[in-house]
Amino acid sequence: MIEDTAAKIAARLKELWRTSRPTILERISLLHSACDRLTENPADREARSTGREAAHKLSGVLGVFGLPQGSEIASSIEFLLKSDQPPTAKDLVTLRAQIADLDAMIASRESS
Amino acid sequence: MSRRVLIIDDEEDIREVAALSLETVAGWDVLVAGSGAAGIAKARENHPDAILLDVMMPGMDGPTTFKELRSLPETANIPVILLTAKVQAADQKRFSDLGVVKVMFKPFDPLVLAQEIAATLGWQEL
Numbered sequence: 011m012i013e014d015t016a017a018k019i020a021a022r023l024k025e026l027w028r029t030s031r032p033t034i035l036e037r038i039s040l041l042h043s044a045c046d047r048l049t050e051n052p053a054d055r056e057a058r059s060t061g062r063e064a065a066h067k068l069s070g071v072l073g074v075f076g077l078p079q080g081s082e083i084a085s086s087i088e089f090l091l092k093s094d095q096p097p098t099a100k101d102l103v104t105l106r107a108q109i110a111d112l113d114a115m116i117a118s119r120e121s122s
Numbered sequence: 030m031s032r033r034v035l036i037i038d039d040e041e042d043i044r045e046v047a048a049l050s051l052e053t054v055a056g057w058d059v060l061v062a063g064s065g066a067a068g069i070a071k072a073r074e075n076h077p078d079a080i081l082l083d084v085m086m087p088g089m090d091g092p093t094t095f096k097e098l099r100s101l102p103e104t105a106n107i108p109v110i111l112l113t114a115k116v117q118a119a120d121q122k123r124f125s126d127l128g129v130v131k132v133m134f135k136p137f138d139p140l141v142l143a144q145e146i147a148a149t150l151g152w153q154e155l
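Those protein sequences? They're chains A and B, same order as listed. Under my numbering, the first residue of the first sequence is numbered 11, with each subsequent residue one higher. Under my numbering, the first residue of the second sequence is numbered 30, with each subsequent residue one higher.
These are calculated hints, taken from the structure and not from any lab test. Where hints are given, some of them may not hold.
As the list claims (entries may be wrong) - Straight-line Cα separation of at most 30 Å, DSSO-like style, residue types lysine-lysine; simulated pairs: (1) K115(B) <-> K71(B); (2) K92(A) <-> K115(B); (3) K18(A) <-> K96(B); (4) K115(B) <-> K18(A); (5) K131(B) <-> K18(A); (6) K92(A) <-> K131(B); (7) K122(B) <-> K71(B); (8) K24(A) <-> K96(B); (9) K100(A) <-> K115(B); (10) K71(B) <-> K131(B); (11) K122(B) <-> K92(A); (12) K92(A) <-> K96(B).
Given these sequences and hints, build the entire structure.
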């Protein structure tokens, strides 16, 4: 019975991943764009806000689809962008690496 | 005993997964709303046994929706659980201080979400 429930949920999650994927990729794209804009101008508040919101949404949803580490990384990005201070050059290197990690995780979820 | 739970979240994927979890694991009736305003209207109309309320939503956010629910006689006593992505400690305290039953965190495990809600609300059936 428990196995049936788990299997039913797993099958439905697989379908939902397909429908949610475009929104998730759009949020990753917003993160890339925010990172590019902050590299140009670290004081760009709108870019920070956009990136923070995208990261918050990703941190809530990735783990639900079996990517808990993706949620952790997105959460870390959100906190980095939540600071009152503009990101430093070091922050931006970290940010870019974290977004690349998210890209890799999504790609790996696709191929599994 | 069948329960009726209202999920208020602007993200469709979260609404779908949470509803899937509560319906499949617990057999509860689930209502969904994509905004605070729509959620308040559904709560007034359907009198759910509990409300699962997202924090960050465009327009009316979770805390504002909660205060509105508390101000209306027909929804004032419905237990509300806030559901949010991981937040810093100060935000968590701010949310807890609102008077919600509990603050729960996304991502949640679809297989255990219903048990967590039942345990929080003292519902014995699970």
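Okay, the hints, checked on the actual structure:
| no. | hint | in the structure |
| --- | --- | --- |
| 1 | K115(B) <-> K71(B) | holds, 27 Å |
| 2 | K92(A) <-> K115(B) | holds, 13 Å |
| 3 | K18(A) <-> K96(B) | violated, 37 Å |
| 4 | K115(B) <-> K18(A) | holds, 27 Å |
| 5 | K131(B) <-> K18(A) | holds, 28 Å |
| 6 | K92(A) <-> K131(B) | holds, 24 Å |
| 7 | K122(B) <-> K71(B) | holds, 28 Å |
| 8 | K24(A) <-> K96(B) | violated, 36 Å |
| 9 | K100(A) <-> K115(B) | holds, 24 Å |
| 10 | K71(B) <-> K131(B) | holds, 21 Å |
| 11 | K122(B) <-> K92(A) | holds, 17 Å |
| 12 | K92(A) <-> K96(B) | holds, 25 Å |
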